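A.B. asks: The task is to assemble the complex, starting from two chains supplied on their own in separate frames and drawing on the hints.
Sequences listed follow chains A and B, in order. First residue of the first sequence? That's 1 in the working numbering, and the numbers climb one at a time after it. First residue of the second sequence? That's 1001 in the working numbering, and the numbers climb one at a time after it.
Rather than coming from a laboratory, the hints here were simulated on the basis of the structure. A few of these clues could be false.
Below are the DSSO-like pairs computed for lysine-lysine, each with C-alpha atoms no more than 27 Å apart in a straight line [to be verified]:
{"hint": "1", "chain 1": "B", "residue 1": "K1071", "chain 2": "B", "residue 2": "K1127"}
{"hint": "2", "chain 1": "B", "residue 1": "K1138", "chain 2": "A", "residue 2": "K286"}
{"hint": "3", "chain 1": "A", "residue 1": "K286", "chain 2": "B", "residue 2": "K1049"}
None of these values were measured; they are calculated from a predicted model.
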Amino acid sequence: MATVLDPAGAPAADERRPDRRSRSTAPGGRRRHVPPLLAISPFYVLFAVFGVFPVVFSLYLSFQDWDGIGDMRFVGLQQYGWLLQDSVFWHSVLNTFEIWFLSTVPMLFLALVLAFLLHSQVRFTGAYRVAYFIPNVTSMVAMTIVFGSVFAQSGLANSALRAIGLDGIGWLSSEWGIKSSVSIMIIWRWVGYNALIFLAGLQAIPTEHFEAARVDGANSWQTLFRVVVPQLRPVILFAAVTSTINGLQIFTESQVLFQSTDVGTTGGPGQEGMTIVLYLWQKAFKEHQFGYGAAMGWLLFAIIAVFTIINWRLVSGSDRDDRRPGLAGLLRRKGARNGR
Amino acid sequence: MEHRTLSRRRLLGVSLGGVGGALLGLSGCGASSGSASAGTDHLSLWYWKGSLSDKLLATARRGVPGRPGLKVRGSQIPDSDIDSKVRTSLAARAYVPDITVANSDNLATFFPDENEFLDLRELGAEKVRDRYLDWKWKSCFTPSGRMIGFPLDAGPTALYYRRDLFRQAGLAYEPKDVAEAAPTWEKFIAAGKTLRAKAPGRPYLVSNIGNVFQQILLQSTRQFVDADNRFIGDQQHVRRAWDLSVEILRQGLSARITDGTPDYNSAMSGSRVATMTTAVWAIYGLKDSAPKTSGAWRLTTLPDGPGNYGGSYMTLTRYCRDPEAGFAFLTWLLSPENQLKSYQEMALFPTTPASYADPAMHTPDPFFGGQQPIDVFGPAAEKAPVVYFSPYEESANIPFFQELTNVEMLGKNPERAWRDAVNTAATTLSRLGVS
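Chain B extracted, bound-state conformation (with noise of 0.2 Å):
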């Protein structure tokens, strides 16, 4: 009896303390400045474990050197709850961070919003212009032309490649041959058939065809909605893509496995699959899978030319309470020594090219086989295409990756499944007002 008194009585102290904080929260929405920083000495900022330098942030905390008064302090969120979180805080106008870190297709999902951040032009960015790499800071724009993200890091592409399998195989093997064997993907399916027929324990080219749909798409400066909001999906620079990967499918090379799932890994480190059409941080991730296979890969240009996969954003929010404070820390944070410093830390691949230049990133890798992986990335980085991404890129393209999915997995008919993709994406595209 005495026990139950006892947890009853603290029921109660927990819930009336409960309602002081739903309170407490209420009258917060009211706050005139809305900042989550509102009270104190320090800037708040948002981001993701991995996304900036632990180190960088820490110096941050007490001080950022050159300006004097000026604390900002990280609030790590999960990756998969930011954007909900940072979207939740801009509709309640409460408690929103001064600065956020954004992915680069969430980047576009603010465009109809684009007021709620500030405009970094009217904070001097146009100075800083020439340290960053140009395709990276015009994506920074929104189409009426208000900057609301600053760069941060880059994800240049490449083509990852089994030299030792490659070589078995009769294929050319050293990185620049194979780059001028594979100028093109039609070149490099021809090379997958060699492979897949010659190479012992018959390795698959691929491990599934949405990457190569991903990796021509990224290629191409339009994607599946243009800057007029218009659907442009259904058009030829898709239509290729897809073709090109149904392709790879038909002639048998690729594993039909999904990336990340403890299929792939057991494929990685068993040498099933002999290349990977990816970014530059997808390394981590390939070593840390198929630890068995370093030395074998190499990395080199893809066909058709790089592009850029992935990367992220800093913004602004309009509450942040020190525009000027916060746009010094930025360029503080993510000038080129940083970014330098925020690479040997944290493998962010630096968004100014000055960094690539140095010493220090041109350590040889064990696992490339003592190949400097800067030499593929660094130009990679440079040639990227101006990609134009909409805010509905995600609803448009979902279809297209879901179908080619089925065609692969399931078997579905190509022709059934991209006139079924054309048309998922339309109808949805309609209801959200695209044309």
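For reference, chain A alone in the conformation it holds in the complex (with noise of 0.2 Å):
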């Protein structure tokens, strides 16, 4: 933008313009380019079909009433309209927010602490490392399938409580009870995978830090909260940004946990397992609303950039130093890894 706008850049364009045109003749031409950007083409070519087409085409989809594959009928905004106005879509969106704070929150304190723990002098660090990120790969819906019988009424989970002297709970038939089924289960399929981003932080401290904390008679806690938790904030920022983008897409496991021939896949009791993602691929998918669900997945778009941009505030409002670019560098390569 700057070269443009600077009238020193203008004379330096026009010299580029009969350079090119001698490189255009020069020997090999232009068909010098022509392997390199054969050799970069798959990417912007796969991209181009399977990434930028879908969205353009879902954005005019969201305007649109079309059931897959007869005509399509214009409905403009009001497919919007009716969104704002559709309570099973705020419920989702509120279920969504509601399972995202409860596995969250205790999910990045968890990894934190395994990361610490970790990071402390262990013997087969490199075993609970692979065990920690085991869950992070196994078949989703197998998981959900396992977690499905722990949290029945007569599963692992109540028999345990039961044990304990207490009352069963009802895991998959109450509203909070499905909550934390689903929270648990996306705690356990994240924990793993946080504390070893936060484990790659904490090795990058110095080792002095740690070594002035026990010189001070610092124990355990004291060092992970007032040591490692300050030096580790772009890293856990870094986490919780990500595991926002996650957390409101949560599918999965409410997809598996309520499917039911008779009831749809409508969230469970309640609808208390019913996240914005799986309203969409019911609607979309199972009951071939097309428009609609494309308008939820842009109104999700706009929800979770909303989010991204709250977070971003809050780093760069905290971190003007040096911490900032570190910090955006893991994003994008986080977003580079996940393909958004």
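C.D. replies: Following this line, the structure appears as structure tokens:
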């Protein structure tokens, strides 16, 4: 931008023009650009077909009423109007945030504690790291089926509660039972992953800081909260941002847990397990209201964007120093990894 | 370093392969025929595991008997995906199968796009009409009168009940007597009260009230949306199903557990639930989840008479390369003889009444104490009412099932739940152009 506006940039551009012409007539000419362009083209072609096109098309679709085969009917912004009046949609937004809060806060805390323990001198650290990462790569559907029987009325969770003299909980049949079950599954899945991220951050902290803390007589908790947490802040904020993005897209846990032939996948009793993405999927792919689903997708995008901006503001507001590029770099890498 | 170069080169190769594949896919979109089997010597068929006989499909792959040169190759698509896959290929007008299987509740969702499927009457379907169940045949038609489906299997319903528990409670316990003692849902509920009070272990009458609600609805010719695209879910036929279901709950006769969950399996094998109101295909799930109760179960007519729950259709898409051959395949695969084979091999209940009389269907089942299931399901299949399903049935009925679950599991006030269900369904449907 600056070079275009800069008057000094204009002559530079003029100079380049004849230069470019001569280059195209030079030996090899433009053809020499072909191999490298061809080499990088697969990504752009695939991205255009599977990335850009669906995104643009879904925006177009969100203004249409379409069952997937027949003609589209233009309904315009009315689609969004319907969505904003849809009480189930708002219920699913609320559910998503409740589940996100119930899962993310304990998860990040547990991950931090685990990372701290891993960082201290324990044996078989490698084995622990593998063990913590396994839930993250296990099939979510298989995992959900296992959790389904753990949280059954006569399942392991209630047996354990009864063994210590408590009453069983309706894990899959009461409002907070449902939300807790889904949250526990999310914690199970992501705690190890975040612990490894924290561990990487921990290892970047100079050992002198730990030694100084020990010399000053700090115990483990004091070391964790006074030394580790302040220095890990950028990493913690990174984990918080990515957990927010993931948390707003909760889907599989609820979908598998509450699948029923008669009721469809409506998120269990009281629809307490209905999340935004699950509702989107139900409307688009089960009831064939693709325009409605697309509109919901864009509303979800807006919600995630708002939250990411809030997160970002928090980060840049508190870290005006050198930490900021580090976090931005981390976010970029994470984004590329997820393909988002 | 060496390793890295290698993997990078491989990566490049793989991505270039991907581009090639994508381009090929794009060029495929322009293919004039659109059939998935274009350029091959066979017709393509999409089905999900268990919906068709594997043995008959193996035969058809080599050649359909009596039709020289006709080969049909089936591709198994997961049953949760097949509907969206068919939709996607129809929308793209490419790689559409010549023949597909559609579930009972899915066929109607294709009504607004009926022209995507061939009208089977134009291929001579009327000639074989008398072989098939009347209500099933009629359900193959769209409101405008096109026949887009062909009868595959049926799902006649019955009352499954625990003979031992009925007997211990002092109730009528032989199939004929139970049918006589509980000819209506009201009498069924009364029997349930006795059962809960007197049978050992105080068993529940039903696992949940959603099943009962479903069965009462299926006994009605009208569902939630009528053929003129009007919402009728707030009317008496639905309200009656609702009230009877709520009454079962109010009397404490529902175990309040969701079918297919670990809790359900343990309740069934632990004799906590004494009846099931469901279709013929549930036999296999029951045998699976409660093998210990073998011999204790019996089958009889459902209170207020049988209905049909589930069952499938076969369709020919408009991209079918050879409609005549496709139709010849349907009439061969779904002929009475082959439906009988499919029943024996895959438990697909025939839509051809002629099969019911065959001795092969009259094998005593030890799980039902030697009773022959066909004695109940055969007449049930012939008596099922002609029901009209609209394309918007699912959008309309989900709020009702959902609110019924809320009443059952969360103790929501039934009156409020009913109002919420009607309002949600009406709002959703008005968006879809149903008045």
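A.B. asks: Would you mind marking each hint as holding or not holding in the structure?
C.D. replies: Tested hints:
With a C-alpha separation of about 23 Å, the suggested pairing of B/K1071 with B/K1127 holds against the 27 Å cut-off. Among the hinted pairs, B/K1138 with A/K286 is consistent with the structure: their alpha-carbon atoms are about 25 Å apart, no more than 27 Å. About 20 Å separates the Cα atoms of A/K286 and B/K1049, which keeps this hinted pair within 27 Å; it holds.
Violated hints: none; the structure is consistent with every hint.
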